[in-house]
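Residues per chain, in single letters:
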Amino acid sequence: MNRWKYTTPLLLDNESTLTSEKNVRLYDGDQKTSFEGGELIITTHRILWGRPGAISKGQTCLALNLALIVYIEEESPSAFSFSRSRKVVLHLSEPTDYEQDKPQQTSIYNFIKLSFREGFNSNVTGILNDCIQRKHWEIFPQPTAVEPQKHAPQIKLRTGIVGIERSLQEKQKAADESISVAFQDLSKLMIMAKDMVQISRTISTKIKERQGDITEDETVRFKSYLLSLGIDDPVTRNSYKTDNQYYRSLAKQICDFLQSHIEEMGGMMALTDVFCRINRARGLELLSPEDILNACQIMESMELPLKLFEFSSGVRVLQLSTLDSESVAEATAILLDDKGSLSSEELAQALGISFTIAKERLLTAEKCGKSCRDDSIEGLRFYPNRFLAE
Amino acid sequence: MSETEVEWPWQYAFPPFFTLQPHPETRSKQVSAWKSLILEYCQKNKLFIIDVREAHQLPLFHNSAINRKLDPTVVVSILSELSKSGNAGALDKAKHRWEIYWHTLEEWAAMIYDHVCDNGMQNSVLTLFELSQGEDVQDKEFAGIHTDVLIKALRVLEGERKCELILSDEEQGVKFF
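Top line first, the protein sequences correspond to chains A and B. The opening residue of the first sequence carries number 1 in the numbering used here; numbering runs sequentially from there. The opening residue of the second sequence carries number 1001 in the numbering used here; numbering runs sequentially from there.
Simulated from the structure, these hints should not be mistaken for lab results. All the pointers check out, no bait thrown in.
Calculated cross-link-like contacts (lysine-lysine; reagent style BS3-like; alpha-carbon spacing at most 25 angstroms):
| # | chain 1 | residue 1 | chain 2 | residue 2 |
| --- | --- | --- | --- | --- |
| 1 | B | K1069 | A | K359 |
| 2 | A | K339 | B | K1069 |
| 3 | A | K339 | B | K1029 |
| 4 | A | K102 | A | K57 |
| 5 | A | K367 | B | K1035 |
Required output: the full structure, derived from the provided sequences and hints.
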């Protein structure tokens, strides 16, 4: 009952009356309301209910937007009922305006019933269905009508399969229209791109599941439309002609972003860290590991301040181009002399770097002959290389 | 054999000494240090045989102070190195038991022959027992030498026609020329 609102029976633009019935009682879900014995008028836009004579006098009556009706069914009279009344059940979507003058603010039911005490003469159900199909109220779109999300909540009670299908169809139509509007005007495309991609994605997944409604062909076409949309990001595959250019710009971007961080971290960052940080910073348009790897590989040739370095164990890091094995080994050796001996955990803690990189440093120092290892059940430690020093 | 105090070199207290170093240069230094240490230890303690399976029982290969042991496979590889210079020899195919020659067999042979010549014992027959345990050899390097090693050393002399071994069930002797 909370979808009805108080109004005057003035017809809106383009609204016209279709039929009327007398002696109609309104039910909130399965419960009777006090609105009985009234006149019911069905127009192209709304259903109006008023006390006898109220509508013709232009007095306050109740109105229900046809837009809110999702599904209509007729209730056949039960075996025990003696009345001749026929009931029409209207399943409704969520109320759109919460502040309007209403007979009832909240309702536990998502459907109402129209009880025609003396039966109905005209084909009420047919007329209502027709109205819902044509949607005259959409010719002048009201702000509440077009958003596809409003159609989304499914009716939990008494939902027929047809009802669900119909609501899906409506969503598709709305998405269709929004897509065609977007394609007409590029600047609108920019704004709507995000929403649109969202819609398109949800639709295509639903389509895939349903399978019957759309052919393989159309799905493929749909996907190609998505690709050509060009999502808003400065550096994505689509905006560049060749891969090479793409990687070059990507490399520059990565360098700009990470150089200061890497300097703080002692000049080296594992590629996994690079991947995580870059994607976190980008937020929406994430990069694949391959793209990052390819971009890093060309950094050296582009003489950027960072370069990709691979240790003999296979660990790859992004490091300052000013760094090389010798200087790293030297630095590590000095630290070793200082502390006497180090394990990779201790070194990682001392320098504030990750374990992998600490281990690589110690191994590099060993390779340069600056340290020697002590492998025992206590773990792997490194000592200054006294064998070669003495 | 009582444990004579070996003056341990600095490496003995250095934990990395007990781990085989991957770096080639470092490794060669490490191995040569081990070789000298082994020979010195065996000499001081008159140790002629090392069984690799029991290596950890020797303080040589096990420094309990720093809780480090040399891995048996590493011991074998170092002893193999020693055998290249004639300072060790494997007694079995599995390379578990090794004879240590802190003097090479040639050196032993020369020592013994010098002693024999010094004392004018050429053309005499000596028992192996006399040669190794006799009173007159007590101050000699080769005092207490293992019979097996002695025999090997004498074989060297045999090859040089300086002696002839007489080995039978009752007697083990040698005649020098």
